[in-house]
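S.K.: Same order as they appear, the protein sequences are chains W and Y.
Numbering-wise (the numbering used here), the first sequence opens with residue 18 and increments by one.
Numbering-wise (the numbering used here), the second sequence opens with residue 18 and increments by one.
What the hints contain is simulated information worked out from the structure, not anything from laboratory work.
Quantities reported herein were computed from a predicted structural model and do not represent experimental measurements.
Treat each hint with caution, since some may be false.
Same chains, same names: a pair is fine if it fits in one copy or spans any two.
Cross-link-like lysine-lysine pairs, in silico, DSS-like; alpha carbons within 27 Å at most [stated by the list, open to error]:
hint : residue 1 : residue 2
1    : Lys138    : Lys58
2    : Lys22     : Lys58
3    : Lys138    : Lys68
4    : Lys138    : Lys22
So the chains spell out like this:
Protein chains: 2
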Amino acid sequence: MTRWKPDAAGRLATAALSLFEEQGYDDTTVAQIAERAGLTKRTFFRYFSDKREVLFGGSQELERRWVEAVAAAPAGATPLAAVTAGFDPVAEMFAERHAFARTRARIVEANPELQERELIKLQNLAGAITSKLAERGVPANEAILAAQAGVTVFHVGFAHWVAQDDPAAFRRLMDIALGELRSVTAA
Amino acid sequence: MTRWKPDAAGRLATAALSLFEEQGYDDTTVAQIAERAGLTKRTFFRYFSDKREVLFGGSQELERRWVEAVAAAPAGATPLAAVTAGFDPVAEMFAERHAFARTRARIVEANPELQERELIKLQNLAGAITSKLAERGVPANEAILAAQAGVTVFHVGFAHWVAQDDPAAFRRLMDIALGELRSVTAA
DNA sequence: GACCTCATGGCACCGGGTGTCATTACCATA
DNA sequence: TATGGTAATGACACCCGGTGCCATGAGGTC
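Work the whole structure out from these sequences, hints included.
M.R.: In structure tokens, the structure reads:
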């Protein structure tokens, strides 16, 4: 028999999500989350740097998948094509998380603090993509703008994806948003 | 003789900026800011909804100027042209605030919390521009993407502006960033 | 059996943020 | 001149997020 129940971080995240749904983010204390997970407040902060972070466990995998895809893009690809190559592995990642993503989106939408955190995660993602583009030899300004454009498309497309019912629509919604951005920025 | 010293909010903002410079954002308490402004912590929170907000007094004027410019753009202008019409009044607003903007940028750059707040201010700005575009009859998705593109250009251009020495370079840096975004997103 | 490790608990503490009531100069009105 | 209202501020208690520090105790190692 093991000394402690396994997957403390997962238990905390699950407890947090259910409590946020039941009574809202603001009205849920970290002590309550920890209690539901059979742990203490002190332990919560050993796994998550702050209360918000418990909702952002997936952002690391998102960034990893996307950046790897950028690195793996054909050498001749344009910067934006390298960036949008990330849509495929990302779509795969979200394919089976539609229900979760919707619940989570409702919680985030109801709370400005969480929206702030979401935006900085996207910004960090754009930064990681920018670096990878730079490694590919893309000039700095071009890299920044291509990464920003790609992340903006993701942001807009993702919002549409969680606002509708088809879990499989992810990839298509990204392409639609990309096409719209292209037409809007055309001179 | 007036009952209270005037411009409490301005005194608080000035005190905060100097303290953040002297000892950093994290190591400055709201009580210290209030004391330097000759007020109390409780009064600080009557003027600013939280500690971060004391650095974001200008965002309302920025949004007002930009949105007005979008509203005033010629009826035949493309959505993106209407958005970038905001660069002129915004450049005018920042013309005499270069030194302040640089100081403030250093403080924000050193603190993730402040970066989060900065990003959500930009997002709110994009939202306001989106609404104004919608009023002009621009379809929803197009409005969102045009506004996002314009704000991204502003964000990138602004970062360049505070990173260099010429206060008058603002407008030119915006145009450069816009041109780069155009070339990057071209299909 | 002594020792080490390491996830967890316990506890005191700080600072951000809020609810509530008290204070007091200024102003209107009678 | 008295009275009462208004509005910015102070005072104070309180909650909760977040941290530093030390204690605890099961598991493995020599």
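S.K.: Hint by hint, say whether it matches the structure.
M.R.: Each hint tested on the structure:
no. : hint           : result
1   : Lys138 / Lys58 : within (24 Å within a copy, 32 Å between copies)
2   : Lys22 / Lys58  : within (16 Å within a copy, 44 Å between copies)
3   : Lys138 / Lys68 : both (15 Å within a copy, 22 Å between copies)
4   : Lys138 / Lys22 : neither (30 Å within a copy, 42 Å between copies)
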